[in-house]
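Asker: Build out the structure end to end from the sequences listed, making use of the hints.
Going by our numbering, 155 is the number at position 155 of the sequence shown; the sequence numbering is gapless.
Misleading hints may appear alongside valid ones.
[What the hints assert, rightly or not] With a straight-line Cα cutoff of 20 Å, these simulated EDC-like cross-link-like pairs (lysine to aspartate or glutamate) come out:
| # | residue 1 | residue 2 |
| --- | --- | --- |
| 1 | K231 | D187 |
| 2 | K231 | D241 |
| 3 | K231 | D211 |
The hints are simulated quantities; they were obtained by calculation from the structure and are not laboratory data. Quick caveat, the model's predicted, so the values are computed rather than measured.
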Amino acid sequence: MSLQVDALYCRRDGRPVLDGVGPLEARGGEITALIGPNGAGKSTLLRSIAGHQPAGGEIRLDGASLRHQPLARLARHLYYLPPNTATASRLPVFETLLLALRTRGCPADAPATLERIRTMLHQLELDTLAERPLAQLSTGQRQRVAVAQALIREPRLLLLDEPTSALDLHHQLRVLDDLRQRARQQDRVIVIALHDLTLAARFADRLWVLDQGRLVSQGTPGDVLTADLLKRVYAIEAEVDTGGPAGARITPLAATRRHDAGDGPH
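Answerer: As structure tokens, this is what we get:
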């Protein structure tokens, strides 16, 4: 299973937000991390793949085009988790996962359905929150519930925009490790936008690097995360050690001046 993206472009307010991005490939069984500074186009790229943002170019899942398909049809194959998961819903956590499974045609009272929910709650350490309404949870707790809702649907393609931004370090590691295991065990295509380069280096099999709407680099973390790339894309002087067991270790030394117009839409 694989996702292919090529020549993707998108304009907003008369200027390009994505400027011919591609060719890109995300493979089943792997984690692909989408990285880049603010305004690089990461969120726009994910929304475009998911069909939430009009864009030109080619988007294919296992060779079948995802372009110009209704969102209802795309939902059979992919799930997109946006960065903002805030909600005032008074539904308990257990019920939100049950609702997610019912949208996939699972019978609400089937033992297998209830067992899937209990397993998901356990894996993301949400057991003690099962009966709590979403509106009473912290931002980080709601984000974990949102990730659980995405995972329990078991889409062929999962697109996650900053799924760990509100989580403490323990839960960041827990969620990303769970995603990596699911990608490998279920041959899922998982693409995650991340700001934390250390987490990207540790958990991703492949990186896509965007800057100002253009593809700058792609490949394994060891090949992509170099001192030169960090200087060009992130405007920082840094030391990079790729010899450790947990992936590239990045030590920022100093910020340099960026040669662009500042942060734009992303």
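Asker: Honestly, which of those hints from before does the structure not fit?
Answerer: When the structure is compared with the hints, only number 1 turns out to be violated.
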